[in-house]
Amino acid sequence: MQNILEAKDLKKVFYKNRVPFEAVDGVSFHIGKGECLGLAGESGCGKSTIAKIITRLIMPEEGSVRLDGKVQMVFQTPQDSFDPRRTLGDGIMEGMRNQGMGKKQAKERACEMLDLVELDRKFFYRYPHEASGGECQRAAIARALAVEPQLLICDEATSALDVTVQAQIAALLKRLQKEGGMSLLLISHDLALVQYLCSRVLIMHQGRIIEEGTPDEVIQDPREPYTRLLVESVL
Amino acid sequence: MAGRKRKAGRAAGYKLLIFGILTLCVILIAVFAPYLTPYDPYAQDLSNALQPPGPDHLLGTDRYGRDMLSRVIMGSRTTIFSALLLVAIITLAGGAVGIVCGYYGGKLDSFLMRVSDVFLAFPGMVFAIAAASVLNRGVLNAVIALACISWPRYARITRSQVLAVKDAPYIMAARLSGSGTWKIIRKHIIPNIAGQVIVTAVLDIGTMIMEISGLSFLGLGAAPPTAEWGSMMSNGRSMLQTAPWVILSPGCAIFLTVMVFNLTGDTVRDFLDPRYRGKRRRE
Numbered sequence: 064m065q066n067i068l069e070a071k072d073l074k075k076v077f078y079k080n081r082v083p084f085e086a087v088d089g090v091s092f093h094i095g096k097g098e099c100l101g102l103a104g105e106s107g108c109g110k111s112t113i114a115k116i117i118t119r120l121i122m123p124e125e126g127s128v129r130l131d132g133k134v135q136m137v138f139q140t141p142q143d144s145f146d147p148r149r150t151l152g153d154g155i156m157e158g159m160r161n162q163g164m165g166k167k168q169a170k171e172r173a174c175e176m177l178d179l180v181e182l183d184r185k186f187f188y189r190y191p192h193e194a195s196g197g198e199c200q201r202a203a204i205a206r207a208l209a210v211e212p213q214l215l216i217c218d219e220a221t222s223a224l225d226v227t228v229q230a231q232i233a234a235l236l237k238r239l240q241k242e243g244g245m246s247l248l249l250i251s252h253d254l255a256l257v258q259y260l261c262s263r264v265l266i267m268h269q270g271r272i273i274e275e276g277t278p279d280e281v282i283q284d285p286r287e288p289y290t291r292l293l294v295e296s297v298l
Numbered sequence: 587m588a589g590r591k592r593k594a595g596r597a598a599g600y601k602l603l604i605f606g607i608l609t610l611c612v613i614l615i616a617v618f619a620p621y622l623t624p625y626d627p628y629a630q631d632l633s634n635a636l637q638p639p640g641p642d643h644l645l646g647t648d649r650y651g652r653d654m655l656s657r658v659i660m661g662s663r664t665t666i667f668s669a670l671l672l673v674a675i676i677t678l679a680g681g682a683v684g685i686v687c688g689y690y691g692g693k694l695d696s697f698l699m700r701v702s703d704v705f706l707a708f709p710g711m712v713f714a715i716a717a718a719s720v721l722n723r724g725v726l727n728a729v730i731a732l733a734c735i736s737w738p739r740y741a742r743i744t745r746s747q748v749l750a751v752k753d754a755p756y757i758m759a760a761r762l763s764g765s766g767t768w769k770i771i772r773k774h775i776i777p778n779i780a781g782q783v784i785v786t787a788v789l790d791i792g793t794m795i796m797e798i799s800g801l802s803f804l805g806l807g808a809a810p811p812t813a814e815w816g817s818m819m820s821n822g823r824s825m826l827q828t829a830p831w832v833i834l835s836p837g838c839a840i841f842l843t844v845m846v847f848n849l850t851g852d853t854v855r856d857f858l859d860p861r862y863r864g865k866r867r868r869e
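Protein sequences, first through last, are from chains R and P.
Take 64 as the starting number for the first sequence in the working numbering and just add one per residue.
Take 587 as the starting number for the second sequence in the working numbering and just add one per residue.
Where hints are given, some of them may not hold.
Stated by the list, open to error - Calculated lysine-lysine pairs in the DSSO-like style (CA-CA distance at most 30 Å, straight line):
{"#": "1", "chain 1": "P", "residue 1": "K773", "chain 2": "R", "residue 2": "K170"}
{"#": "2", "chain 1": "P", "residue 1": "K752", "chain 2": "R", "residue 2": "K170"}
{"#": "3", "chain 1": "R", "residue 1": "K96", "chain 2": "R", "residue 2": "K115"}
{"#": "4", "chain 1": "R", "residue 1": "K115", "chain 2": "P", "residue 2": "K601"}
{"#": "5", "chain 1": "P", "residue 1": "K752", "chain 2": "P", "residue 2": "K773"}
{"#": "6", "chain 1": "R", "residue 1": "K241", "chain 2": "P", "residue 2": "K601"}
{"#": "7", "chain 1": "R", "residue 1": "K133", "chain 2": "R", "residue 2": "K237"}
{"#": "8", "chain 1": "R", "residue 1": "K185", "chain 2": "P", "residue 2": "K769"}
{"#": "9", "chain 1": "R", "residue 1": "K74", "chain 2": "R", "residue 2": "K115"}
{"#": "10", "chain 1": "R", "residue 1": "K74", "chain 2": "R", "residue 2": "K133"}
{"#": "11", "chain 1": "R", "residue 1": "K185", "chain 2": "R", "residue 2": "K79"}
{"#": "12", "chain 1": "R", "residue 1": "K185", "chain 2": "P", "residue 2": "K693"}
{"#": "13", "chain 1": "R", "residue 1": "K71", "chain 2": "R", "residue 2": "K185"}
{"#": "14", "chain 1": "R", "residue 1": "K133", "chain 2": "R", "residue 2": "K96"}
{"#": "15", "chain 1": "R", "residue 1": "K166", "chain 2": "P", "residue 2": "K693"}
{"#": "16", "chain 1": "P", "residue 1": "K769", "chain 2": "R", "residue 2": "K115"}
{"#": "17", "chain 1": "R", "residue 1": "K74", "chain 2": "R", "residue 2": "K96"}
{"#": "18", "chain 1": "R", "residue 1": "K79", "chain 2": "P", "residue 2": "K601"}
{"#": "19", "chain 1": "R", "residue 1": "K133", "chain 2": "R", "residue 2": "K170"}
{"#": "20", "chain 1": "R", "residue 1": "K96", "chain 2": "P", "residue 2": "K773"}
{"#": "21", "chain 1": "R", "residue 1": "K167", "chain 2": "R", "residue 2": "K79"}
{"#": "22", "chain 1": "R", "residue 1": "K115", "chain 2": "P", "residue 2": "K693"}
{"#": "23", "chain 1": "R", "residue 1": "K96", "chain 2": "R", "residue 2": "K185"}
{"#": "24", "chain 1": "P", "residue 1": "K773", "chain 2": "R", "residue 2": "K74"}
{"#": "25", "chain 1": "P", "residue 1": "K769", "chain 2": "R", "residue 2": "K167"}
{"#": "26", "chain 1": "R", "residue 1": "K170", "chain 2": "P", "residue 2": "K693"}
{"#": "27", "chain 1": "R", "residue 1": "K74", "chain 2": "P", "residue 2": "K601"}
{"#": "28", "chain 1": "R", "residue 1": "K167", "chain 2": "P", "residue 2": "K693"}
{"#": "29", "chain 1": "P", "residue 1": "K693", "chain 2": "R", "residue 2": "K96"}
{"#": "30", "chain 1": "R", "residue 1": "K166", "chain 2": "R", "residue 2": "K133"}
{"#": "31", "chain 1": "R", "residue 1": "K133", "chain 2": "P", "residue 2": "K773"}
{"#": "32", "chain 1": "P", "residue 1": "K752", "chain 2": "R", "residue 2": "K96"}
{"#": "33", "chain 1": "R", "residue 1": "K115", "chain 2": "R", "residue 2": "K79"}
{"#": "34", "chain 1": "P", "residue 1": "K769", "chain 2": "R", "residue 2": "K166"}
{"#": "35", "chain 1": "R", "residue 1": "K185", "chain 2": "R", "residue 2": "K166"}
{"#": "36", "chain 1": "R", "residue 1": "K133", "chain 2": "P", "residue 2": "K601"}
{"#": "37", "chain 1": "R", "residue 1": "K115", "chain 2": "P", "residue 2": "K752"}
{"#": "38", "chain 1": "R", "residue 1": "K71", "chain 2": "R", "residue 2": "K115"}
Treat the hints as calculated values from the structure; they're not laboratory data.
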């Protein structure tokens with residue numbers, strides 16, 4: 064299987080009051096084409112930092128990322144991931160417009176994307192505060208998919224939603240990933256969600272990957288004591 | 587609760603309308619000043635000097651026999667225009683510095699903020715007096731002097747607002763969708779911070795009118811014979827006992843104008859208050 068992403072020895076240090084804190088400490092992994100990889104671990108273990116390094120929102124101190132194609136991201140807080148002063152439609156169109164697409168064409172495609180994520184087309188004209196969390200998250204997925212990325216990163220994309228909406232979004236992601244054939248990096252502390260969507264999972268603890276395997280393996284037979292703790296605390 | 591909120595939002599709307607109209611009137615008087623003056627504000631008529639207010643001269647005349655009403659109307663132009671110019675300059679300059687500092691951070695930010703600290707450490711009016719006396723006399727130079735000491739406050743406000751929004755997920759999303767720095771600043775950051783900065787600017791217009799008049803009163807602003815409220819008051823101060831209208835008419839003009847601008851600023855702030863915003867858009 065061809066790899067869409069290869070990350071090698073990523074290292075990122077943050078300074079809090081001049082005290083260094085190694086958020087990501089020598090992490091290497093790859094994502095295959097069409098694969099859905101889970102990245103699990105407690106808050107503050109460096110999951111989101113990895114997402115930001117891959118999307119080049121921050122630069123790592125050491126290591127390299129090789130990425131084949133475009134990457135898009137769905138954020139944790141749905142309402143904050145759209146500009147409060149612009150409509151959801153504007154947000155969805157922004158990426159396409161930046162790629163040089165005409166306004167009419169971009170709007171047409173934005174509406175198709177709304178259909179794809181099962182959101183009514185009237186949301187094109189809504190502002191973020193006029194839509195619920197689940198609706199915003201669907202729009203955020205539409206925005207990410209509109210530019211046809213080869214890799215989609217979901218950074219705790221369902222954690223801010225209530226349980227029924229979480230299930231809907233998870234089903235939507237599963238469907239889209241199956242149909243679209245793109246790769247998915249699912250960052251979550253929710254092992255049940257990881258098990259539902261992913262074929263392989265990495266467990267992170269204190270900036271390092273401590274365990275890797277299929278979700279069933281990891282959940283049923285954890286090798287590391289920390290993984291056992293994580294599994295027990297969630298399930 | 588919701589009803590009360592909506593009512594408050596609507597009341598803010600009415601208030602904004604009323605004060606907006608008053609502000610517009612004041613600005614229109616300033617714009618059309620040359621057409622509104624009953625007499626030539628600069629024509630001297632020594633035989634008519636120091637006339638008390640009467641049917642011929644509604645606000646009396648000064649010691650050179652110039653019609654006070656005409657001079658007050660004409661003076662509105664100098665005072666209000668220079669105050670608006672001043673506020674525009676400091677909002678743009680301070681805003682630009684604040685955006686650069688907030689968005690880029692790093693050494694440039696530290697440097698510019700230390701510079702603004704230096705300016706903030708000076709007693710404002712004293713610095714303005716010093717700057718205005720080094721520069722030549724004139725309204726424009728008074729504006730420059732006041733701009734020098736007033737921009738840091740705007741830089742600070744803008745910077746803090748930029749810091750509050752620049753790490754929001756929607757900014758990251760915009761960057762991910764390929765928007766460049768300039769586009770992000772123009773389309774996402776400025777619209778989201780403009781409200782707060784505009785409110786500060788509108789609230790400051792009144793203060794700036796007072797400061798410009800203050801400098802002119804001290805003889806550091808408008809040069810004679812330019813009609814300017816501050817210098818007109820200064821001219822009349824020796825005659826407060828004998829011809830109070832010479833000092834009272836420009837004084838009242840300053841008082842009323844500053845009050846109108848301050849009340850407008852307060853209403854704009856109420857109007858832009860986020861607690862009313864959501865409701866209003868849906869109505």
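*Would you check the hint for K752(P) and K96(R), treating anything up to 30 Å between C-alpha atoms as holding?*
33 Å, violated
*Starting from K115(R), check that the Cα of K79(R) is at most 30 Å away, please.*
18 Å, holds
*Measure nothing beyond the straight line between the CA atoms of K115(R) and K752(P); if it is 30 Å or shorter, mark the hint as holding.*
15 Å, holds
*For the pair supplied as a hint, K115(R) and K601(P), confirm whether the alpha-carbon distance does not exceed 30 Å.*
47 Å, violated
*asked:* What's the verdict on K769(P) and K166(R), does the C-alpha distance respect the 30 Å limit or exceed it?
replied: 17 Å, holds
*If you draw a straight line from the CA of K133(R) to the CA of K237(R), is it 30 Å or shorter?*
20 Å, holds
*Regarding the pair K74(R) and K133(R), is the alpha-carbon distance no greater than 30 Å?*
22 Å, holds
*asked:* K166(R) and K693(P) were given as a pair; does the straight-line alpha-carbon distance stay at or below 30 Å?
replied: Roughly 40 Å separates the two Cα atoms, so the pair is violated.
*Quick one, are K166(R) and K133(R) close enough, alpha carbons at most 30 Å?*
At roughly 21 Å apart (the allowed maximum being 30 Å), K133(R) and K166(R) satisfy the hint.
_K185(R) paired with K79(R) [C-alpha distance capped at 30 Å]_ = 45 Å, violated
*Are the Cα atoms of K185(R) and K769(P) separated by 30 Å or less?*
27 Å, holds
*Would the pair K74(R) and K115(R) pass a check requiring their Cα atoms to be no farther apart than 30 Å?*
12 Å, holds
Comparing the model with each earlier hint shows violations of hints 4, 6, 11, 12, 13, 15, 18, 20, 21, 23, 24, 26, 27, 28, 29, 32 and 36; every other hint is respected.
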